[in-house]
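Trainee: These are the residues of each chain, in order.
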Amino acid sequence: AQTVTQSQPEMSVQEAETVTLSCTYDTSESDYYLFWYKQPPSRQMILVIRQEAYKQQNATENRFSVNFQKAAKSFSLKISDSQLGDAAMYFCAYRTRRGGTSYGKLTFGQGTILTVHP
Amino acid sequence: DTAVSQTPKYLVTQMGNDKSIKCEQNLGHDTMYWYKQDSKKFLKIMFSYNNKELIINETVPNRFSPKSPDKAHLNLHINSLELGDSAVYFCASRSEVGTPNSPLHFGNGTRLTVT
Numbered sequence: 093a094q095t096v097t098q099s100q101p102e103m104s105v106q107e108a109e110t111v112t113l114s115c116t117y118d119t120s121e122s123d124y125y126l127f128w129y130k131q132p133p134s135r136q137m138i139l140v141i142r143q144e145a146y147k148q149q150n151a152t153e154n155r156f157s158v159n160f161q162k163a164a165k166s167f168s169l170k171i172s173d174s175q176l177g178d179a180a181m182y183f184c185a186y187r188t189r190r191g192g193t194s195y196g197k198l199t200f201g202q203g204t205i206l207t208v209h210p
Numbered sequence: 032d033t034a035v036s037q038t039p040k041y042l043v044t045q046m047g048n049d050k051s052i053k054c055e056q057n058l059g060h061d062t063m064y065w066y067k068q069d070s071k072k073f074l075k076i077m078f079s080y081n082n083k084e085l086i087i088n089e090t091v092p093n094r095f096s097p098k099s100p101d102k103a104h105l106n107l108h109i110n111s112l113e114l115g116d117s118a119v120y121f122c123a124s125r126s127e128v129g130t131p132n133s134p135l136h137f138g139n140g141t142r143l144t145v146t
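As given, the protein sequences belong to chains A and B, one line each in that order.
All residue numbers in the first sequence are consecutive under this note's numbering, ending with 210.
All residue numbers in the second sequence are consecutive under this note's numbering, ending with 146.
Pulled out of the complex, with its shape left as it was, chain A reads as follows:
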């Protein structure tokens, strides 16, 4: 079974600075998807960024980018020019590409609470 680990329960950053959230995962599969979701205090789950394992190029979405290290099974999220609205809990998630009963299932990490200081 796949597992996802976020080793930083809490992180903080000054507004306009850069912060990196860590995520590692364990899998025996070679093809899969990775996601970062954001959960603000409103508790809505918002997709931040996604990465296909077969793509070597790191995904980017505006101020958000990932550092995907497939061999190391690492998928960190970098937030540049941090804004107050980035304050939230961030979840890393894994999804298999295989069919069967696990297809489509997201396995989440424990989450990292990000605080942004003005």
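In case anyone wonders, no lab produced these hints; they're calculated from the structure.
Quick caveat, the model's predicted, so the values are computed rather than measured.
Possibly wrong hints are sitting among the right ones.
[Said to hold, decoys possible] Which stretches of chain A does chain B cover? Using the computed rule of at least three CB atoms under 8 Å from a CB of chain B, they are:
id : region
1  : 130-136
2  : 139-152
3  : 198-204
[Unchecked claim] Here are the simulated PhoX-like pairs of lysine-lysine, each with C-alpha atoms no more than 25 Å apart in a straight line:
id : chain 1 : residue 1 : chain 2 : residue 2
4  : A       : Lys165    : A       : Lys197
5  : B       : Lys102    : A       : Lys165
6  : A       : Lys165    : B       : Lys83
7  : A       : Lys170    : B       : Lys72
8  : A       : Lys197    : B       : Lys40
9  : B       : Lys75     : A       : Lys165
10 : B       : Lys75     : B       : Lys50
11 : B       : Lys71     : B       : Lys53
12 : B       : Lys83     : B       : Lys50
13 : B       : Lys72     : A       : Lys165
14 : B       : Lys98     : A       : Lys197
15 : B       : Lys72     : B       : Lys102
16 : B       : Lys71     : A       : Lys147
17 : B       : Lys83     : B       : Lys67
18 : B       : Lys53     : A       : Lys197
19 : B       : Lys72     : B       : Lys50
20 : A       : Lys197    : B       : Lys71
21 : B       : Lys71     : B       : Lys102
22 : A       : Lys197    : B       : Lys67
23 : B       : Lys53     : A       : Lys165
24 : B       : Lys67     : B       : Lys40
Every residue gets a Cβ at the ideal spot worked out from N, C-alpha and C, and that includes glycine.
Assemble chain B onto chain A, guided by the hints.
Mentor: Positioned in the frame of chain A, the structure of chain B alone reads:
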């Protein structure tokens, strides 16, 4: 206009009661899910339905029974509620066809409190 909508947003009830949470999506997705977020914010899948058929059933007590009357709806019925059932329950959906990396779209969650 809401893509995935859950009702109610908050549910407070007593132990032993039976309650239901409704979920509807208007995205045309063929797969729907229920996730549970516990007090430590850990998210875990409970069920998944594809075209009204049960695909994923994690180790969830049989007091929890999902029902999918059609592709756009996945309701969650909980019998004999226990204190440990207190959590936030999220409905989600996605399309299994088309873009393979399509993400889950989540509802806003239902906070269930059992007293």
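Trainee: Compare the structure with each hint and give your call.
Mentor: Going through the hints against the structure:
1. With a cut-off of 8 Å between beta carbons, the region 130-136 of chain A has 4 residues touching chain B; three or more are needed, and the interface restraint holds.
2. Under a criterion of three residues with beta carbons nearer than 8 Å to beta carbons of chain B, the stated coverage of the region 139-152 of chain A is upheld, 3 such residues being counted.
3. Counting residues of the region 198-204 of chain A whose C-beta lies closer than 8 Å to any C-beta of chain B gives 5; at least three are required, and the coverage claim holds.
4. Between Lys165/A and Lys197/A the CA atoms are separated by roughly 19 Å; this keeps the pair inside 25 Å, and the hint holds.
5. At most 25 Å may separate the alpha-carbon atoms for a hinted pair to count; Lys102/B and Lys165/A exceed this at roughly 35 Å.
6. Taken as a hint, the Lys165/A and Lys83/B pair is broken in the structure, with Cα atoms around 35 Å apart against an allowance of 25 Å.
7. About 22 Å separates the Cα atoms of Lys170/A and Lys72/B, which keeps this hinted pair within 25 Å; it holds.
8. Between Lys197/A and Lys40/B the CA atoms are separated by roughly 24 Å; this keeps the pair inside 25 Å, and the hint holds.
9. Proximity of Lys75/B to Lys165/A is assessed by CA-CA distance (about 21 Å); at most 25 Å being required, the pair is judged to hold.
10. A distance of roughly 20 Å separates the Cα atoms of Lys75/B and Lys50/B; the hinted pair therefore holds under the 25 Å criterion.
11. Among the hinted pairs, Lys71/B with Lys53/B is consistent with the structure: their alpha-carbon atoms are about 24 Å apart, no more than 25 Å.
12. Only pairs whose Cα atoms come within 25 Å are accepted, and Lys83/B paired with Lys50/B is accepted, the gap being roughly 21 Å.
13. Between the alpha carbons of Lys72/B and Lys165/A the distance comes to roughly 23 Å, so the proposed pair stays at or under 25 Å and holds.
14. Pair hint Lys98/B plus Lys197/A holds up; C-alpha atoms about 18 Å apart against a cutoff of 25 Å.
15. Using a Cα cut-off of 25 Å, the hinted pair Lys72/B and Lys102/B is violated, with the two alpha carbons roughly 28 Å apart.
16. Restraint check for Lys71/B and Lys147/A: the C-alpha separation of about 33 Å exceeds 25 Å, so the hint is violated.
17. The straight-line distance between the Cα atoms of Lys83/B and Lys67/B is roughly 20 Å, inside the 25 Å bound, and the hint therefore holds.
18. For the hint pairing Lys53/B with Lys197/A, the CA-to-CA distance comes to about 20 Å; that is within 25 Å, so the pair holds.
19. Taken as a hint, the Lys72/B and Lys50/B pair is honoured in the structure, with Cα atoms around 22 Å apart against an allowance of 25 Å.
20. A threshold of 25 Å between alpha carbons decides the hint, and for Lys197/A with Lys71/B the separation of about 20 Å falls inside it, so the pair holds.
21. For the given pair, Lys71/B sits about 31 Å from Lys102/B by alpha-carbon distance, which is inconsistent with the 25 Å threshold.
22. Of the supplied pair hints, the one linking Lys197/A and Lys67/B holds, its CA atoms being roughly 13 Å apart against a limit of 25 Å.
23. For a cut-off of 25 Å, the pair hint linking Lys53/B to Lys165/A is broken: about 37 Å separates their Cα positions.
24. Straight-line distance between C-alpha atoms of Lys67/B and Lys40/B comes to about 14 Å, which keeps the hinted pair within the 25 Å bound.
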